Amino acid sequence: MSKKIVVTGLGILSAIGAGVLRNLEALQLGETGICQMKYLESRHKALPVGEIKFTNQELLDMLSLDIEVILPRNFFISLIAIAEALESAKIKPREALYRIGLIIGTSVGGMDKTEKYYDRQVNGLSQGKLRNMHLHDCGSITEAVADYFGIKDFVSTVTTACSSGANAILMGGRLIRSGLLDVVIVGGVDALTLFTLNGFDSLQILDRELCKPFDHHRRGLNLGEAAGFLVIESENNALRRSGNILCEFSAAGNAADAYHQTASSPEGTGARLAMSKTIQQAGILPKDIQLVNAHGTGTRNNDLSEGIAIEQIFGDNVPYVSSTKGYTGHTLGAAGGVEAIFSVLSILDDCVFANLNFSTPMQELAFRPVDRFLESAGIRHVLSNSFGFGGNSTSLLFSKYQAL
Amino acid sequence: MKVNVFINGVGLIAPIDLDGSDCKLFNREDIVFLKCIEPEYKIYLQPNITRRMSRILKMGMWAAIDCVKKSGIEMPEAIIVGTGLGCIEDSQKFLQAITESFEQMRPPTAFIHSIHNTISGQIALYFRCHGYNSTYSHRGFSFESAMVDAITLIEEQEITDVLIGGLDEITEPYVECGNAEMLYGHKEYLIGEGATFLMLSSVENAGSLCKVLGMQMIYFPAKSQLEVALCLFLQEMEISLFELDLLVVGFVGDSEVDRLLSEVLNTVLPVAIPMVRYKQACGEYHTASAFGLALAASILFRQQIPRFFEMGNILNRQNKVIDYSLIINQYRNKNFSFILLSKC
Chain B
24 MSKKIVVTGL
34 GILSAIGAGV
44 LRNLEALQLG
54 ETGICQMKYL
64 ESRHKALPVG
74 EIKFTNQELL
84 DMLSLDIEVI
94 LPRNFFISLI
104 AIAEALESAK
114 IKPREALYRI
124 GLIIGTSVGG
134 MDKTEKYYDR
144 QVNGLSQGKL
154 RNMHLHDCGS
164 ITEAVADYFG
174 IKDFVSTVTT
184 ACSSGANAIL
194 MGGRLIRSGL
204 LDVVIVGGVD
214 ALTLFTLNGF
224 DSLQILDREL
234 CKPFDHHRRG
244 LNLGEAAGFL
254 VIESENNALR
264 RSGNILCEFS
274 AAGNAADAYH
284 QTASSPEGTG
294 ARLAMSKTIQ
304 QAGILPKDIQ
314 LVNAHGTGTR
324 NNDLSEGIAI
334 EQIFGDNVPY
344 VSSTKGYTGH
354 TLGAAGGVEA
364 IFSVLSILDD
374 CVFANLNFST
384 PMQELAFRPV
394 DRFLESAGIR
404 HVLSNSFGFG
414 GNSTSLLFSK
424 YQAL
Chain C
-9 MKVNVFINGV
1 GLIAPIDLDG
11 SDCKLFNRED
21 IVFLKCIEPE
31 YKIYLQPNIT
41 RRMSRILKMG
51 MWAAIDCVKK
61 SGIEMPEAII
71 VGTGLGCIED
81 SQKFLQAITE
91 SFEQMRPPTA
101 FIHSIHNTIS
111 GQIALYFRCH
121 GYNSTYSHRG
131 FSFESAMVDA
141 ITLIEEQEIT
151 DVLIGGLDEI
161 TEPYVECGNA
171 EMLYGHKEYL
181 IGEGATFLML
191 SSVENAGSLC
201 KVLGMQMIYF
211 PAKSQLEVAL
221 CLFLQEMEIS
231 LFELDLLVVG
241 FVGDSEVDRL
251 LSEVLNTVLP
261 VAIPMVRYKQ
271 ACGEYHTASA
281 FGLALAASIL
291 FRQQIPRFFE
301 MGNILNRQNK
311 VIDYSLIINQ
321 YRNKNFSFIL
331 LSKC
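Chains B and C, in that order, are what the protein sequence lines are.
For any residue, its number in our numbering is found by taking its place in the first sequence, counting from 1, and adding 23.
Heads up: the second sequence at position 275 corresponds to 265 in our numbering, and the numbers run straight through without jumps.
In case anyone wonders, no lab produced these hints; they're calculated from the structure.
Model, not experiment: these values are computed from the prediction.
It is possible that part of the hints are untrue.
PhoX-like cross-link-like pairs, simulated, lysine-lysine; straight-line CA separation at most 25 Å [as the list claims (entries may be wrong)]:
hint: 1; chain 1: B; residue 1: K139; chain 2: B; residue 2: K76
hint: 2; chain 1: B; residue 1: K175; chain 2: C; residue 2: K213
hint: 3; chain 1: B; residue 1: K310; chain 2: B; residue 2: K26
hint: 4; chain 1: B; residue 1: K115; chain 2: B; residue 2: K175
hint: 5; chain 1: B; residue 1: K139; chain 2: B; residue 2: K68
hint: 6; chain 1: B; residue 1: K423; chain 2: B; residue 2: K26
hint: 7; chain 1: C; residue 1: K(-8); chain 2: B; residue 2: K175
hint: 8; chain 1: B; residue 1: K423; chain 2: B; residue 2: K310
hint: 9; chain 1: B; residue 1: K175; chain 2: B; residue 2: K113
hint: 10; chain 1: C; residue 1: K59; chain 2: C; residue 2: K333
hint: 11; chain 1: C; residue 1: K83; chain 2: B; residue 2: K68
hint: 12; chain 1: C; residue 1: K83; chain 2: B; residue 2: K139
hint: 13; chain 1: C; residue 1: K60; chain 2: C; residue 2: K201
hint: 14; chain 1: B; residue 1: K175; chain 2: C; residue 2: K324
hint: 15; chain 1: B; residue 1: K113; chain 2: B; residue 2: K423
hint: 16; chain 1: B; residue 1: K115; chain 2: C; residue 2: K60
hint: 17; chain 1: C; residue 1: K324; chain 2: B; residue 2: K115
hint: 18; chain 1: B; residue 1: K26; chain 2: C; residue 2: K(-8)
hint: 19; chain 1: B; residue 1: K26; chain 2: B; residue 2: K113
hint: 20; chain 1: C; residue 1: K333; chain 2: C; residue 2: K60
Only chain C is shown next, with the shape it has when bound in the complex (with noise of 0.2 Å):
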């Protein structure tokens, strides 16, 4: 990369509190899932503003608002966002709506709610800033573009804070679709949701967390080419396997799913490093690598791995440094990516 980037904050709604060891599992019927545990809205909005709001826009809300707060700046000067199914709740309140009733009920706030980019709008309205602003839908890509764009804005413009995001929300119609993707093979298969924010800067500062060295999005890659990606990646970060101290992978769960990674990952890194499999935690969806991203981000800055993980308790008691983490993501094998981070 052309110009230092790091992570100088994270908000953070997920279904584990990265503090403690419990995830908040749900069942339904048909499938086990991931509920947020979340947090008191009203310590940063008002309950009149939040009544009118749905649950993503508040999470979202809430995430952003937190994470600007903990990177010590009054407002970031970019806010991008990333959902793979945005308020997908309104939307089928509205489609409901005009279906049912043959075009005479036409709910309007379902309507203006629906649309993806009114987090990162009602985020810009929050801050009063004016400044670069954009939402990306597009499956498990859907954050990382949010990075890359974020990354090229910092190297381009000289800018210093940029608010980025990622998030989605498992309601009636994200679990239909699911089903229509037809996704939910496997019982340990777990979908997840949650709002994760983070804070690239360009500057370094006493509450930074962490470096980030570089990423790389790779889309539907046969085995070998994802080899040679992967391969390429950690020589452009001129980092040699063996300097690699923790890695923090999308498994979902499913040996069939993640069949193409493991294998990758085996013969690229044939070393046994330490691994935390984060969808344990988060579960899967389309924007969950943020989420990855966050728990990478707060392990290298506490130098600790939450109870959660089995692995976090051996490696924590090793006391051994973490300066290399690379975060890896896969979303149905189709969208890949890869990201570099370095304690500060």
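Same shape as in the complex, but just chain B (with noise of 0.2 Å):
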């Protein structure tokens, strides 16, 4: 019995649009969603954010649903990325005969309603609503979601900053191997907050202008959001239903740096440890990677670090990487969800998406990031990697499916 693991469904919603399709497209041309701030109401308002370019409002009636816009932005667009994965998968939860869970990688729950409620009781209008909080909690989200769709033999939500999108799909795979579920929806979701711009900002490490990642000039990250996440299911289960297979999740890896809570070892210990465990996961050799979609952030610390360790594992043999947090920002613990679609793209449309805004190598590092979108690449296996504070270090493998 095959105990392959395949992507059969994609759903997004990111700065650079809604759905699968006009993201793909927005990456094929480089086109970035970064711009001025529109949505968030913060003082910092100069600061380039990759913000979803709708309202709450405008998003409910994406929905045509009538609920109260009064729930968390995480809320709606969790819901819009999981319906276009499961209408992709053309998996119907209360209908499916096979055990389905949802696991979702997140890092501010409902912050946006909590932060209303502190604005009103901190600054003196009247009585906070005490009802923005109910949604607090990151697995409040995770359960609206499930209930909203029907999904109940496994329902939970991962919080490892911005590794959690990632970790959840690892988790995800685990479950279906170990025989416990047979298709788990699984990604990430973070919607923009004052706690986590004014947060990021606080450790100085925003870059005022459009982020560089990998380039010798970059002085740190843009801020973004969205909501990325993907049907996957046990090879079984996808040929009996006859469900249409995108490519093969291969293998994952988690380690942790161990060296400090917010910056990462200057030898890249966890992001090292992360790429190779997931390699020797799936019994491939470094060589037979044409791809890493970076976490590369922009900051100086992570693509210094991110960088010597994918030196340290492909040697000489550095396949094609890229970043693509200049076109959505870096959306936290969505970016491990948001970053496996673009990778399963990357493979469905054998191409490598520019890593944008490179002008300047780094002085440190042998190999650049690729600068220009590139077809027919070869692309048959793509490392996907996300890394986060606390040193959680997570690599995902994607690679080509080859039928039975």
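Each chain sits in its own coordinate frame; assemble them with the hints.
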């Protein structure tokens, strides 16, 4: 019996648009979604951000649902992205006879609503509405989403900062391999909030201009928001129900950098271990990989440690390396999900998306990122990296599907 | 389960000392709650370090280190934590600062410490453990998710020792969130807090407290579905209800909230099985089931029930061997879990 896990559905909402096709278009054209802040009501309006270009009301209209706008933004964008993923996988959870789970990676949960509660409470407008807080915790969004779609066999929420989405995907894969589930909807979601915007700015790692991943002159990251979800399932289940197999989810590796709460170790220990565990689990060699979708946030620290780790793993044969954060911004808990989708698209379209805003190579590294869109790139295996605060490092491997 | 899993150590900070009989009750105008009996942190952590730590982080670190020590190993191979609300005190500090100052004052330390995986990250840092590391924040499944993750990790990767933990802390914002969730309708319904760490291991040793035979999480079941789930679980575990020696159940003490589970247990387990209601000792919080598991493991190991539980005195006098213990948790009638343990 095959133990393969395959990807059968994708759904996304990001700064570069609603839906997989719109995102793919923007990636192919090299069009960024990072621009002037328009939706978040922050006093730091000068910071470029990768916002989803819809208000909460517009998102509600897209869902054509009669529910309160008062619910957190993460709820709406998750619904839209997961609806697309389920539609593309042709799965209706309420009608399915197989076991379906939902694992969401997030860092802020319902924080955008909690902020509004505090705002009223603290700044003396009428008593803050307590009901703004009831979906504050991260798991509440997952349960609201699960209840909406009728998913019951397993629900959980991963909160490992910037690697949350990737770890949700990793865990989903493990549950399928262990025989506990047949299908899992996995990925991540994080809306932009005053909390994260000010939090990251307080650490002085935001670029006041467009971020420059792997560039010598990089100054920091741009924050973004997104919801990115995949449907993964056992190959057996996909074949049995004649699902549309997009590619294989071949392996995943997770390691702890164990160096510092927010900075990565100079040698990129966590990154190196995560990548190496993944490659080992897949039973392939580094030279079999054609593309690394890097974490590549554009901070001085990450790009250096990740770059060093990549060179340690690949030696003289560094494959194509590209960060897609120049399109979407760093979407925190969603990043693992969003970038897994972009990795799958690279396989399906046999292409490499340009690493935007690159002009000067880093002195410490021998390789440079791919700075233009490449077609017919011969992509068979893509490694997707997500490294978070707390030292959580996760890599995922997606591969061209070989039918039995 | 495909491999043997044992609990080889427990580190615990709770409102009860498991050797004693007193629970630390705390009063506020509107609610009564259970506050932890805190240890001497300096036994494991230098004061100059703990000074900068939030309370939940201190509790988590201490319990984790204590657990590893008691397991008799140098360091775990993986660290997985469950926490319902994480480091909410620091979240509140940061939120308050940015709101009051109109986004001018942004204390970076509060932001960094507010991130949910701070605890699992700091434990990894302390032990320089580069192994698998994750954090789950999913209400009454936070700890169970960590445990399922650990068990499947042991099965798949032939790892020996995985440190898992469940912790949550009562703070002002926690109470507010709880109020927002409209939890506290009843006086008997105590909220609590705690930090519980356990070492799951594929290898039995002299210090092993008990064996984990299986576990299951059930989400948002109707009554009939929960009945079926429990029956199937016992069937899969090949254990009849007559073999169960002890039930360790997470009733919260509110008859309305407890009704569903109570009726299901009466239906599926109609015989009189001795029962310990663990939330009388630890209170209700997202990761209370971790305490329930630690309590059950401790009972199986010592073959003694803490004096605090009335039922305990009766059972201890009877001197019957406790071979099998079933832990059942429910959180807000949406998150249910079963864990079956056996004596080593």
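* Asked: Hey, B/K26 versus B/K113, does the alpha-carbon distance stay inside 25 Å?
  -> holds (22 Å)
* C/K83 and B/K68: Cα distance at most 25 Å? -> Holds - the C-alpha atoms of B/K68 and C/K83 are around 23 Å apart, at most 25 Å.
* Given the proposed pairing of B/K175 with B/K113, does the C-alpha separation stay at or below 25 Å? -> holds (18 Å)
* Given pair status - B/K76, B/K139, alpha carbons within 25 Å -> holds (21 Å)
* Given hint B/K139 paired with C/K83 - CA-CA distance at most 25 Å -> holds (15 Å)
* Asked: Keeping to a limit of 25 Å between CA atoms, is the pair of C/K324 and B/K115 held or broken?
  -> With Cα atoms ~22 Å apart, C/K324 and B/K115 stay inside 25 Å; holds.
* Given the hinted pair B/K113 and B/K423, is their alpha-carbon gap at most 25 Å? -> holds (21 Å)
* **Straight-line alpha-carbon gap B/K423 to B/K310, limit 25 Å** => holds (16 Å)
* To do: Mind checking the alpha carbons of C/K59 and C/K333 for me, to see if they're no more than 25 Å apart?
  => holds (22 Å)
* 25 Å Cα cutoff - pair B/K310, B/K26 -> With a Cα-Cα distance of about 24 Å, the restraint between B/K310 and B/K26 holds, given a limit of 25 Å.
* CA of B/K115 to CA of B/K175, is that 25 Å or under? -> holds (12 Å)
* To do: For the pair we were handed, B/K175 and C/K324, check the Cα-Cα distance against 25 Å.
  => holds (10 Å)
Hint compliance for this structure: hint 16 alone is broken.
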